[in-house]
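A.B. asks: Next come the chains, spelled out residue by residue.
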Amino acid sequence: MPSLASRPEEILKPAQPWFVALTLFAGFIANLLPVSGYAAMLKPDFLALVILYWCIQEPRLMGVGVAWFAGLFMDVADATLFGQHALAYAFLAYAAEYFRRRVLRFTLWHQAAQVAALLVLCAGLVLLVRVVGGAPVPRWTYFVPPLVGALVWPLLSIVLQRPQRPARASRTSSRR
Amino acid sequence: MLHTDPPPFFHRGPSPLARFAFFAVLSIALLFADSRFRYLEGMRHGVNTVIAPLQRAVQWPGEAWEAVGVYFASKSALATENAALHERLLAEAPALQGAHRLESENAHLKSLLDIKDRYAGNAVSVGVLFTARDPFSQKVFIDKGGDAGIEPGAAVIDEAGVVGQVTRVFASMAEVTLLTDKDHAVPVMSERTGVRSVLYGAGAGRSLELRFIPPSADIAAGDRLVTSGLDRTYPPGLAVARVDAVERDTGQIFARISCAPLAGVNRSGELLVLGRTAALPPRPDDPPTPDAARKPGRAKVRRGG
Numbered sequence: 148m149p150s151l152a153s154r155p156e157e158i159l160k161p162a163q164p165w166f167v168a169l170t171l172f173a174g175f176i177a178n179l180l181p182v183s184g185y186a187a188m189l190k191p192d193f194l195a196l197v198i199l200y201w202c203i204q205e206p207r208l209m210g211v212g213v214a215w216f217a218g219l220f221m222d223v224a225d226a227t228l229f230g231q232h233a234l235a236y237a238f239l240a241y242a243a244e245y246f247r248r249r250v251l252r253f254t255l256w257h258q259a260a261q262v263a264a265l266l267v268l269c270a271g272l273v274l275l276v277r278v279v280g281g282a283p284v285p286r287w288t289y290f291v292p293p294l295v296g297a298l299v300w301p302l303l304s305i306v307l308q309r310p311q312r313p314a315r316a317s318r319t320s321s322r323r
Numbered sequence: 275m276l277h278t279d280p281p282p283f284f285h286r287g288p289s290p291l292a293r294f295a296f297f298a299v300l301s302i303a304l305l306f307a308d309s310r311f312r313y314l315e316g317m318r319h320g321v322n323t324v325i326a327p328l329q330r331a332v333q334w335p336g337e338a339w340e341a342v343g344v345y346f347a348s349k350s351a352l353a354t355e356n357a358a359l360h361e362r363l364l365a366e367a368p369a370l371q372g373a374h375r376l377e378s379e380n381a382h383l384k385s386l387l388d389i390k391d392r393y394a395g396n397a398v399s400v401g402v403l404f405t406a407r408d409p410f411s412q413k414v415f416i417d418k419g420g421d422a423g424i425e426p427g428a429a430v431i432d433e434a435g436v437v438g439q440v441t442r443v444f445a446s447m448a449e450v451t452l453l454t455d456k457d458h459a460v461p462v463m464s465e466r467t468g469v470r471s472v473l474y475g476a477g478a479g480r481s482l483e484l485r486f487i488p489p490s491a492d493i494a495a496g497d498r499l500v501t502s503g504l505d506r507t508y509p510p511g512l513a514v515a516r517v518d519a520v521e522r523d524t525g526q527i528f529a530r531i532s533c534a535p536l537a538g539v540n541r542s543g544e545l546l547v548l549g550r551t552a553a554l555p556p557r558p559d560d561p562p563t564p565d566a567a568r569k570p571g572r573a574k575v576r577r578g579g
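Chains as they are written, first to last, in the numbering used here: chain L, 148 to 323; chain E, 275 to 579.
Among these hints, one or two may not hold up.
[Claimed, not checked] Computed, partial: chain L to chain E, Cβ under 7 Å: (1) P181; (2) G184; (3) W215; (4) G230; (5) H257; (6) V295.
Honestly, the hints are just simulated from the structure, not real lab data. Built from N, CA and C at the ideal position, the CB exists for glycine as well.
Please model the entire structure based on the sequences and the hints provided.
C.D. replies: See below:
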């Protein structure tokens, strides 16, 4: 696997706020898509991934507060209790604050491993809060979407990074 | 003079930990308020009016695909299906005609006994829009809401039996809590013996539980359970579940009875929302002791929090 990471010396252009907003909206729509059967079991939380990505790359635009509000919308869309997604997204945004100082030094697949740990931790936090609140313990498949999310991470990073790459750097990466 | 604080142009508000702590506490407060008291229904309705068009819009690709499939369905397949449906109609004709006779007889007897009709009978047929993606609860959304006269609390059935109950109604969609949702309760009776109890859901992938049945009661695997109608939410006589296994342990007060729903709780695409039962009788005068006041009058959905 060749290194797909943005190399440490490569400096990305700042992301446009409208692009961040657009990708958040796209993540939200992706979460709304109706799926059934195995797809429903596997489907990762795209909005969480997009939020995590922007928290790492553009902390000026994306923080705990914005993530929390996005979570409230997801709570209504999924008919979950108010605060369930909000708590998860706020946690991701907070974790990203510590994560981003080192994560960009890794290759994308190493990043994915760390994202997996982060998403599973996040799912565990939501599980803890809900089970303490009296909800039934879900099946083990509860932890599948976070892992699938980590697998999607490298692809998502490349897509979200593209507009920010300086022209020459994007050419070298496509020639590889 | 030493300053430990950064110069003002590096100030970035409270630290991330403080911010996270604030929003985490807020989230937990919301979770508590929503699960225990349902204070936030107004807010949920407000946000839903924004989201509902999007939720509708994302259904289009799937629906279009289905429409294309129907368009190209072969004639012979349709003919076979038509023949099968005719056959079924014919097979059920005697029962139906018998039912008509029984109904008129029943109406006559009821009028003699002056019993008010308990089931209003204005059912609405609905389609399932999508399943709520919450691993902690069992809910589906249906494509009609307050506009079509659906009310919260109405029973929802499919062709085989009870599916659940409407718990939230938005303008053009409604949320149905399924039988299998944790702590969703339906008052039922055994069709064979008439033993009455309450059937509880236990969460995704777990069988339903029939509670409060003493080990000595006459109930066996294979018994069909139908709604008893005691809660005035579900009309009496709807099929609900079949008893799977009965575990009698004399050390326990109640038998452990697991049941499987008869309806395709998670699979049905077409459902029927039954009208609410006729007006409840007037509330009795408040009893003198507070203990008696807590007697459960009617079972309703307790949301697992």
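A.B. asks: Are the hints correct? Go through all of them and say.
C.D. replies: Each hint tested on the structure:
Look at P181(L): its Cβ gets to within about 4 Å of chain E, closer than 7 Å, so that hint holds up. Of the supplied interface hints, the one on G184(L) is violated, with its beta-carbon coming no nearer than about 10 Å to a beta-carbon of chain E, more than 7 Å. Interface hint at W215(L): satisfied, since its Cβ lies 5 Å from the closest Cβ of chain E, which is below the 7 Å cut-off. The interface hint given for G230(L) holds, since its Cβ lies 3 Å from the closest Cβ of chain E, which is under the 7 Å cut-off.
Below 7 Å, beta-carbon pairs count as interface contacts, and H257(L) has none with chain E, the closest being about 23 Å; its hint is therefore violated. Proximity of V295(L) to chain E is violated relative to the hint, the smallest CB-CB distance being about 14 Å (cut-off 7 Å).
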